[in-house]
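Residue numbers (our numbering): -14 to 339.
Among the hints, erroneous ones may be present.
Cross-link-like lysine-lysine pairs, in silico, BS3-like; alpha carbons within 30 Å at most [to be verified]:
1. 189 <-> 28
2. 224 <-> 23
3. 203 <-> 48
4. 172 <-> 195
5. 23 <-> 203
6. 248 <-> 23
7. 228 <-> 23
8. 28 <-> 48
9. 48 <-> 68
10. 248 <-> 228
11. 224 <-> 195
12. 218 <-> 203
13. 28 <-> 224
14. 222 <-> 248
15. 195 <-> 218
16. 172 <-> 140
17. 48 <-> 195
18. 189 <-> 172
19. 15 <-> 224
20. 23 <-> 172
Have a look at the derived ranges for each label pair, beta carbon to beta carbon [claimed, not checked]:
21. 58 <-> 296: 57 to 67 Å
22. 148 <-> 223: 32 to 42 Å
23. 170 <-> 82: 39 to 49 Å
24. 14 <-> 228: 14 to 24 Å
Because the hints were derived from the structure by calculation, they are not lab data. From the three backbone atoms N, C-alpha and C, an ideal C-beta is built for every residue, glycine too.
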Amino acid sequence: MSCFRLLDSVLGELERILADFFWQGSNEPKIHWLAWSKLCISKAQGGLGFRRLREFNLALLRKQAWRISMYPECLPHQILSQKYFPGLTFFEARLGARPSYTWRSVWETRDILAAGVRWRVGNGQNIAVIGHPWLPRPVTFQLIRRPHSLTEDSKVAQLINPDNKWNVSLILSELSHEDADCILSVKPRGPEVRDELIWHFETKGCFSVKSAYRLATKPHEEGSSSQQTSNWKFIWKSKAPPKVVLFAWRCVRNLLPTAVNLKRRGVPTDSCVGCAGESEDSIHFLLNCSYARLVWGGGSGGGCFFPGVEDWFNRVHRMLEKDEWELFSRFAGDFGGLVISECLRGGRWKLRRL
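Please work from the sequences and hints to get the whole structure.
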């Protein structure tokens, strides 16, 4: 995956196999309760953080493209530059006629890689004021407005005084306030320091597959409120056994095989087995079922009205976050602990499905 662009059909088949393994764990066909694309959302947004293979493949290829563009002494650069971009930089290269599959795979990441590469100002002699990405401001890293009198041949060095400080009066007179503020937030590194290309999304400026993958998957992330994000962090930071943590995640995502959820997927049932007649959704299964009330041990957590599991979980989370243990004890009943009650519910579900 780090040397060639895999076909979308191959990646799709790999993701299908991974999804089957996660939901089934055996050769028996089972329901996929959530789409693979949603499982790939980060844990902080309500997913499981699985890799999107297409974006991960491209992130690995960008690492190769980074090495080729930044290290001219490396063997891949020497071989590919002689054939495809002699005398040019990697970002100026064209695909060419009859390219090899290796070159095509790496070349296709060029524009995406450029979206995270910018110049770090040293002495400013190699950076053009207009056209070069040198401002620490995504997405283009370039000026918003053209200067009044500076030309495309003007270098950033012209904006720096001999004492290695910005020529503030020139910058304010030539550039917009937005561009001027952005420039003045950067400190020139000195007349003896050469300008260098860096990866903007890492503090040290070195490319990483992790940050490239995060950049590629950012458009796919779902918006979440601060309360929802806090809830997910609360779940994943729990010291409960992994099965219990995953069960809590499924509860909040409404992914339990309750009668209501099964009916939505074509199974002809929507009544609770324990209550013999009442409609069984997630909130009924966890709180309002007669068996669930016994598990809660008389606490007010069972039998209360909540529109959904997420609303119930919000209340539990707020009480635990504020260390309101006495209130939580009354709410949760005799067990007095979220992890214990969730463990019991996991055991109850397994018992019901036997």
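Hints versus structure:
1. 189 <-> 28: 26 Å, holds
2. 224 <-> 23: 24 Å, holds
3. 203 <-> 48: Holds - the C-alpha atoms of residue 48 and residue 203 are around 18 Å apart, at most 30 Å.
4. 172 <-> 195: The given pair, whose Cα atoms are some 27 Å apart, holds under the 30 Å limit.
5. 23 <-> 203: Holds: residue 23 and residue 203 sit about 13 Å apart, inside 30 Å.
6. 248 <-> 23: 22 Å, holds
7. 228 <-> 23: 20 Å, holds
8. 28 <-> 48: 25 Å, holds
9. 48 <-> 68: Within the cut-off at roughly 21 Å; holds.
10. 248 <-> 228: 25 Å, holds
11. 224 <-> 195: 26 Å, holds
12. 218 <-> 203: Holds, at roughly 19 Å.
13. 28 <-> 224: Holds, because 16 Å separates the two Cα atoms, which is no more than 30 Å.
14. 222 <-> 248: 33 Å, violated
15. 195 <-> 218: Measuring from Cα to Cα gives roughly 20 Å; hence the hint holds.
16. 172 <-> 140: Distance ~16 Å between residue 172 and residue 140 Cα, so the pair holds.
17. 48 <-> 195: Roughly 10 Å separates the two Cα atoms, so the pair holds.
18. 189 <-> 172: The given pair, whose Cα atoms are some 15 Å apart, holds under the 30 Å limit.
19. 15 <-> 224: Judged against 30 Å, a Cα distance of about 29 Å means the pair holds.
20. 23 <-> 172: 42 Å, violated
21. 58 <-> 296: 57 to 67 Å: With Cβ atoms ~60 Å apart, the hint holds.
22. 148 <-> 223: 32 to 42 Å: Given range 32 to 42 Å: violated, Cβ gap about 56 Å.
23. 170 <-> 82: 39 to 49 Å: 45 Å, holds
24. 14 <-> 228: 14 to 24 Å: The hinted range 14 to 24 Å holds for residue 14 and residue 228, with Cβ atoms some 22 Å apart.
Of the numbered hints listed earlier, those contradicted by the structure are 14, 20 and 22.
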